[in-house]
Structure formats: structure tokens, C-alpha cells
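Novice: Line order of the protein sequences matches chains A and B. Residue numbers for the first sequence follow the numbering used here, beginning at 81 and rising by one. Residue numbers for the second sequence follow the numbering used here, beginning at 1424 and rising by one.
By construction, these hints were calculated from the structure, which means they are not laboratory data. Just so you know, these numbers come straight off a predicted model, no measurement behind them. Don't be surprised by glycine CBs; every beta carbon is placed ideally from N, CA and C. Check the hints yourself; a few may be wrong.
Claimed, not checked - Pair by pair, the computed Cβ-Cβ distance ranges are: (1) Ser88/A <-> Lys1513/B: 36 to 42 Å; (2) Asp114/A <-> Gln1498/B: 46 to 52 Å; (3) Leu108/A <-> Lys1526/B: 29 to 35 Å; (4) Gln1498/B <-> Arg157/A: 18 to 24 Å; (5) Gly1514/B <-> Asp119/A: 31 to 37 Å; (6) Asp1728/B <-> Pro205/A: 53 to 59 Å; (7) Gln1498/B <-> Thr121/A: 58 to 64 Å; (8) Leu1522/B <-> Thr121/A: 37 to 43 Å.
Said to hold, decoys possible - Covered by chain A, per the in silico footprint, the following chain B stretches (three or more residues, Cβ under 8 Å): (9) 1582-1592; (10) 1600-1608.
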Amino acid sequence: MQYPEPISKLIDSYMKLPGIGAKSAARLAFYTIDMREDDVTDFAKALISAKRDLNYCSVCGNITEEDPCYICKDAGRDRGTILVVEDPKDVISIEKMREYRGLYHVLHGVLSPVEGTGPEDIQIPSLIRRLQSDEVKEVIIATNATAEGEATAMYLSRLIKPAGIKVTRLAHGLAVGSDIEYADEITLMKAVEGRREL
Amino acid sequence: MYLEKMSLLDYRNYATCDVEFSKGVNVFLGENAQGKTNLMEAIYVLAMTRSHRTSNDKELIAWHKEFAKISGRVQKKNTQFPLEILLSSKGKKAKLNHLEQRKLSEYVGHLNVILFAPEDLAIVKGSPSVRRRFIDMEIGQISPIYLHHLANYQHVLKQRNHYLKQLMIGKRDDHTFLEVLTEQLSTHGAHLLKERMSFVKQLEKWAAPIHHEITQAKEVLKISYQPSVEATNWEDVDQIFLDLMTQFEKGKKRELDQGNTLYGPHRDDLLFFVNEQNVQTYGSQGQQRTTALSIKLAEIELIHDEVGEYPILLLDDVLSELDDERQTHLLTAIQDKVQTFLTTTSLDGIKKHVLRQPRTFIVTNGCVELEDK
Ligand SMILES: Nc1ncnc2c1ncn2[C@@H]1O[C@H](COP(=O)(O)OP(=O)(O)OP(=O)(O)O)[C@@H](O)[C@H]1O
Ligand SMILES: [Mg+2]
Ligand SMILES: [Zn+2]
Chain A
81 MQYPEPISKL IDSYMKLPGI GAKSAARLAF YTIDMREDDV TDFAKALISA
131 KRDLNYCSVC GNITEEDPCY ICKDAGRDRG TILVVEDPKD VISIEKMREY
181 RGLYHVLHGV LSPVEGTGPE DIQIPSLIRR LQSDEVKEVI IATNATAEGE
231 ATAMYLSRLI KPAGIKVTRL AHGLAVGSDI EYADEITLMK AVEGRREL
Chain B
1424 MYLEKMSLLD YRNYATCDVE FSKGVNVFLG ENAQGKTNLM EAIYVLAMTR
1474 SHRTSNDKEL IAWHKEFAKI SGRVQKKNTQ FPLEILLSSK GKKAKLNHLE
1524 QRKLSEYVGH LNVILFAPED LAIVKGSPSV RRRFIDMEIG QISPIYLHHL
1574 ANYQHVLKQR NHYLKQLMIG KRDDHTFLEV LTEQLSTHGA HLLKERMSFV
1624 KQLEKWAAPI HHEITQAKEV LKISYQPSVE ATNWEDVDQI FLDLMTQFEK
1674 GKKRELDQGN TLYGPHRDDL LFFVNEQNVQ TYGSQGQQRT TALSIKLAEI
1724 ELIHDEVGEY PILLLDDVLS ELDDERQTHL LTAIQDKVQT FLTTTSLDGI
1774 KKHVLRQPRT FIVTNGCVEL EDK
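Can you make the complete structure from the sequences, with help from the hints?
Specialist: Structural data, given as C-alpha cells:
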């Protein structure tokens, strides 16, 4: 038997999410049609607004409703330090610790010849531009401890160091090969304390 | 250590199967194509998370089934724990003591296994890649950190080869990033080389006397690792790293012309010499076979030396292929210390009197039963 078309479409949409296969998608779809009407409406609205009302900060690349983002605008933060991460989720993990008081830069990816990703394909040029203003004294590179994350960190260090800016790597305390996303807050805190110079 | 029991679910031609093993010798007796090798393979996968016969995990799942499960219980000197491997079209999961292990290096090494099958002659006769795989699998069992460097090395190698190609065709021109990849590759490569050098030394140390004895003092076996780079001190990772970097610097033009990584552990080989002659090229069938046997027996001792316990031994179809002399040698070498699994289509030609109280199982069409006496 075929699913009625609206359900098929919904299953198809759920399957576009990471980690959701055909079976889970079907389960979610049937769950959704049993939900209360206004809950479903809120859900749909939340989806659309997450996409429409959020933008990337033109300075740091973080997701934000207003441009520049609240972190870049915050006069109380240390403008001499920039912490470089792979994606916006990492900013949220680090902000949760409430330890770090500097600024961020989101690369939106890592260098990977296999995937065809070069420096211009991620936010490296915009980082270099930011560093040309003399305020920045230190760059902390917090890309993930994967092979690509390491390579990207080493590459950035080679670009930035000649300009006389201190470059450190935030990796200590993170299990090798792990994603920052999964790291719990204590390991992350250790990681910030024990950052090593590149 | 030994494998106390094993259960299979939808693995190859086994729908379900539960077996309890003897600590000593276990014999799987059955006609061709009944599932003897499948059983050995299952034990191997339980230990190593991958098959020795195929790199395609889907082949291991019974036809028309969604997933397969292998579970077993390992008994060691001071501990015991269950192991479990789940295979599905989406990937595999490995559980140690009920907990899923995300990294290969955290799972492999808890059940040490040495497999000896007719194909193992390829370690002596086959291509260098067979020998590299052999070294990698064996060191990986003893040293989890080796697996970590190996996985990273292979990953970075792929990136570096892609990048060299992009530089070659002029799609990219940033040499700084090539330097980064070279440094990364050399870091992991140096660890691999150091471990391989010391493994091969150990292997020779254990294999030479065994070989000497099997051949009744007629042959002297030597094993030598052939690196694609020269290093001044193979015990010092930092020095190996520098030597690799120097080699990459020297060979830069060649690599850029060919768009490929031409130096490093993925280019190396292992050579076996009997009485100063290369066995691979000049050895007789018998010499090649004896060499393979000496290496396998040496590994048993090597693992015992490194891990503190004997590994389990899987002998697939090899016993009947060995002459009396070699059979007796093999069986006395493992008797009473190594849990052994062996397959055969018939007990004729097997020196049964050397086997002390083997537990015999009859394998018929995906079914294993204890032989009734
Ligand atoms: N994924 C699978 N699903 C079901 N059956 C399979 C699967 N893979 C292999 N088989 C079957 O398993 C059988 C082979 O088993 P195996 O290789 O263990 O035989 P064997 O007992 O070792 O034989 P021999 O003595 O010839 O070596 C074949 O009949 C094959 O069809
Ligand atoms: Mg077989
Ligand atoms: Zn911002």
C-alpha cells in the first residue's frame, strides 16, 4: 500500500534531516499528524522563521538576528582576542562556559582538497581582513581535532604568525578525532586553559 | 585469553547459532560450503571488527536480511567481558562490555587473534600491499595508538594526493597548504615507521629460532623492512619526522610532476630471506610455506610478550596442507597454551594423537553441533 501523498511528502522532508532514515521519518510523520493543530502550526512557523529571520553576522560569520551580532557589538568584550571555530554550534558551546570574553570568527567549514574546499571557499579571507586592523593581539584556533581541523589550524597559523599576532591552538583536553559539539563543558574548560601556542 | 562462547544472528549462512568452546582445541568438521570458514571469519570480525576475506561488510549479512550480529564472551587472566559487533547496511557498531565504542582503536585489541589460512602464503608471495596490511593489522592489535596514526595517515594521504593533483593541473597554486599537509603526513608517518621497525625486529627475533627448528637447523630466516626513506635513527620519532620532511623536500619536483605522494610508509615493503636468498623470488613452495608458518607462530609469542597473554589461533584449512613434520611442530607449539580453532573436511591426514582432547563440532549448512561420541 502507498502512503497518502501528503504523508509521503512529509516523510520525504523528514528524511532530509541528518541521521533520519526512512523508518524514523515515517514514525515522525505519523506522530506529526496526531499532534494538536496549533502545535503543528507553531512548529511550521518556527522552521520558517529559523531560516528567514536568521542571518550571518557580516563581521564574524556567526548566526544572528541583527547585524553585527550581539557579541561583535558588545563593548565589554576583549577585542584583542579572536577565537576561530568551524561553525556556529561551536560558538554556542563555548559561550555556555561563560569563560571566554573575546570575539569569534566562524569559518563555516574546513580546508579539504578531497571536497574541493580551498581557503576562498570558507571564511578565511574575511578573517585575514579583520586581522589587518591593529586591535587583534591573539588568535585562538578552535577547529575540531580531526585531520582537516588540524590542517586548517596549521594553515591559518602560517598565514597569521608573520603578522606578529600570537596564535594558539585550542585542542588540549579534547579527545583526538572528536567534535567540539560533543565535548562536555568541563573538557572544554580544560581545553581553553591548556591551549598551546602553534 | 580465550573465547568462551559465541552467538551469531543472520551472519552469512547462519540464521542463529550458539556455541560454547573448549579452552583448548576446537575442530570444525564439515563438507565444503557448509560454513566452516564463515565461522572462523565471525570470530575474526568479533576481534578485529573487519573480515579477513572482504572489505565489504554487506557481504557478511545473511542474504535478504537487514542486519547481522556477532557476540561473544572473552575470558582473560583477571577479567571477562562480552564483545558484540552489529552490522547493518548503514554501518557497524562495536560494543565492549555493553558499551558502544566510537573508535576502532578503543575496541580492537581486547581479543587478540592470529589467523592462518591458505591465503596467508600471500604474505610471503604476494604484493607489497598484502605485507603492509599484515603489518598494520598485527601492530594494530597490540597498539591502539598505531591504529589512530594509521587512520590519520591514510586520511591525510588522500587529501595530499588530491592536492598534489590540483597543483599539477594548475587548479590551485598555494604551496603553503601543501607544506601543511606534508608536515601532517610526516607526523603520522613517523609514528608508523617507528612502530613498524620495532615490530619487524621483534618478529624476526621470535621467527628465526622457530624457523631454524622446523627446518632442523637447515635454514636461517631473516626479515627486513624496506623503507622508502632513509632515516638516521629508527627509534627516534622526531628524527624520523625530520628525515621524512627532508625526503619530501628533495622529491618535491617529482611529486608535483606526478601529482602523487611518492614517499612514506604506504610505499614500503617487507622482505624475507632464507639463507640470504629472497624467499619471495627464489624460495621453493615448501620454503615459502615454512616461512609463513614461522611468522604466524612467531606472532603468537610476540603477542604473548607484548600483551601478557596468548592470543587465540584460527587455522582455516591449513593443517591438512602441512606435512607431518610441520603439523607436529605446530600442534606441539600451541598445545595447552593457545586456544585453537581449526577447520577441516576430514580428520584423515590430521595427526589426531597430537591433539589432546579436542572438542569437535560438525558443521552442516549453517548449523553447528557438538559431535556425539
Ligand atoms: N551473506 C551470505 N548469506 C547467506 N549465505 C552465504 C553468505 N555468504 C556466503 N554464504 C554461503 O556460505 C557458504 C560458504 O561457507 P564457507 O565459506 O564457510 O564454507 P566452508 O565450510 O569453509 O567450505 P570449504 O570447505 O569449501 O572451505 C556458501 O554456500 C555461501 O553460499
Ligand atoms: Mg572454507
Ligand atoms: Zn559577529
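Novice: What hint numbers does the structure not satisfy?
Specialist: 1 and 4
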